[in-house]
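Using the sequences and the hints given, assemble the complete structure.
Number of protein chains: 2
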Amino acid sequence: MIQEQYILIDCGECTQLLLKRNHIKPGKIRHILISHLHGDHYFGLIGLLSSLHLYGRKSKLNLYGPPELLNIINSQLKASATKLIFELNFVPLDPGMHGTIFEHDNFTIQTFPLNHSITCHGFLIKEKPKQRKIIKDQLPENIRLQDIVTMKNGQNVYDENDNIIYHHKDYTLPPKRSLSYAYCSDTAYDPGIVKYIKSADLLYHESTFATDMAKRAALTYHSTSEEAARIAKDAGVGKLLLGHYSTRYKDLSILLEQARSVFKESYLSQEGETVEIND
Amino acid sequence: MIQEQYILIDCGECTQLLLKRNHIKPGKIRHILISHLHGDHYFGLIGLLSSLHLYGRKSKLNLYGPPELLNIINSQLKASATKLIFELNFVPLDPGMHGTIFEHDNFTIQTFPLNHSITCHGFLIKEKPKQRKIIKDQLPENIRLQDIVTMKNGQNVYDENDNIIYHHKDYTLPPKRSLSYAYCSDTAYDPGIVKYIKSADLLYHESTFATDMAKRAALTYHSTSEEAARIAKDAGVGKLLLGHYSTRYKDLSILLEQARSVFKESYLSQEGETVEIND
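Protein chains in written order, with this note's numbering: chain A, 15 to 293; chain B, 15 to 293.
Think of the hints as simulated: they come from the structure by calculation, not from any bench. Fair warning: there could be bad hints in the mix.
Note that the list lumps identical chains together, so a pair holds whenever it fits in one copy or between two copies.
[What the hints assert, rightly or not] Once the Cα atoms are required to be at most 30 angstroms apart in a straight line, the calculated DSSO-like pairs of lysine-lysine come out as:
(1) 264 with 34
(2) 212 with 140
(3) 229 with 92
(4) 229 with 72
(5) 92 with 74
(6) 264 with 42
(7) 97 with 229
(8) 72 with 264
(9) 247 with 34
(10) 209 with 144
(11) 209 with 97
Right under this line is the structure:
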């Protein structure tokens, strides 16, 4: 959730069930981002859309994903003679695409290419620069509201009547940091990703294997947790969330240890967990 | 399961999860029957097929369903660049179709049309006539093995050497009854179904609504439990299993009572329940 907007990234089978179990109302979701068309990342989408339809959703839903996704959805809607009662705004993500795919007053959603066996997209959700904070006690008494707005936006104000310049730095404090979350689902280790996720506060990066399986990771276009940590370190992110673990690891501590040997702020993601990003 | 063959009828989202919870190995399934293309009856199919692929299934899987289903599956396999490593034998069920769709040495699977808002198929799984039971003590000492087989199949034997007729009824008892299971997923009340499911030992028939909602049932091409019971009675089945209950009924006893007022051998089906059909 950002700015009261719920964003769902990827939607494997039974996502509806997990949302319910974690008390998240599906109707609140405004954006669904699908990284790629392997089943564990989207087989739950058509069920979720159908439920939103049955529950009478009214508001528009933005869906971003590989172009083929639209045909897959439409053929299933057609087969059940369903015409969605809400607007589904599909934004195709072309192979290799990078840039902004959604712009809100206060944040953007960007995509960038990952390196997987099929076309795969990473996502960056980033707050826009925030306004400077007014120091109320310092404000001149006769200052106009519009001048305060100007200074909050980091510009100085020239008062023609009094022939005075109000320097914004004298009346405001620097803005809060703009926070960001980067999501790298299935991908081989690829330093080319680093430039897209520089300084993200939180990075989710897949870590399917431990270090001894590095060859298998490369072969299957997945990463080891150590490689995920290297990406995190090189991008200078705040915190790394590991995930997409191979079922061979009953005990995940080896993945965590190997990641932390490279990047201390590494953590294991867990189903149903809430991670807050704070300034 | 019939004759050691597992048959899965319909496959909603999270079917994989339910199979696991009920300790049924998906690899054992030989036939999947999809009644119609409303999501609650097939959205879990692509996930199940993908898992069978990943788990290395080798044996052929027979899939029966509306023709559009093949395109829906293939477009999803194509999008993930997946070529199934097992043979998926798809048998399209055309609208209005009735007849045998699979024939085993000991049983058949038949389909017949239901009456729903989109094309929908019922199924009848039926044992073939069984062999008569030999009365060992009565057999003449010099009788040949092939003559025993002939009598088990209900035919008399003529012994040319001795110029004797062995009447099969003197040496065999009638065979065990051939058991059958009829499955009527989503359908409006339709007496036209009765002829296809005559004398089935077990009938599953949807019963979405209680009697006071009969109009809504007809409008949405569903049935009340009383209507399901009327079908069961007219078809002279052994036992009726109700199911597909509207979520409005927190307490299902009203559905059971109303069904039993028409057909005593009515029962509520429950998730994960095993129902045996015995002679």
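Evaluation of the provided hints:
When the C-alpha separation of residue 264 and residue 34 is checked against a cutoff of 30 angstroms, the pair qualifies both within a copy, at 26 angstroms, and between copies, at 18 angstroms. Proximity of residue 212 to residue 140 under the C-alpha cut-off of 30 angstroms is restricted to the intra-copy arrangement: shortest distance 11 angstroms within a copy versus 64 angstroms between copies. Taking CA atoms no more than 30 angstroms apart as the test, residue 229 paired with residue 92 passes between copies only; the shortest distance there is 26 angstroms, against 43 angstroms inside one copy. For the homomeric pair residue 229 and residue 72, the shortest alpha-carbon distance between copies (27 angstroms) is at most 30 angstroms, but the shortest distance inside one copy (48 angstroms) is not.
For the homomeric pair residue 92 and residue 74, the shortest alpha-carbon distances inside one copy (20 angstroms) and between copies (29 angstroms) are both at most 30 angstroms. When the C-alpha separation of residue 264 and residue 42 is checked against a cutoff of 30 angstroms, the pair qualifies only between copies, where the shortest distance is 26 angstroms, while the shortest distance within a copy is 34 angstroms. Taking the shortest alpha-carbon separations for residue 97 and residue 229, only the inter-copy value of 24 angstroms comes in at or below 30 angstroms, while the best intra-copy value is 47 angstroms. Taking the shortest alpha-carbon separations for residue 72 and residue 264, only the inter-copy value of 27 angstroms comes in at or below 30 angstroms, while the best intra-copy value is 43 angstroms.
Proximity of residue 247 and residue 34 under a CA criterion of 30 angstroms is satisfied in neither setting, with 35 angstroms inside one chain copy and 40 angstroms between copies. Taking the closest pair of Cα atoms, residue 209 and residue 144 come within 30 angstroms of each other only inside a single copy of the chain (22 angstroms); across copies the shortest separation is 72 angstroms, beyond that limit. Proximity of residue 209 and residue 97 under a CA criterion of 30 angstroms is satisfied in neither setting, with 41 angstroms inside one chain copy and 35 angstroms between copies.
Violated hints for the displayed structure, listed by number in ascending order: 9, 11.
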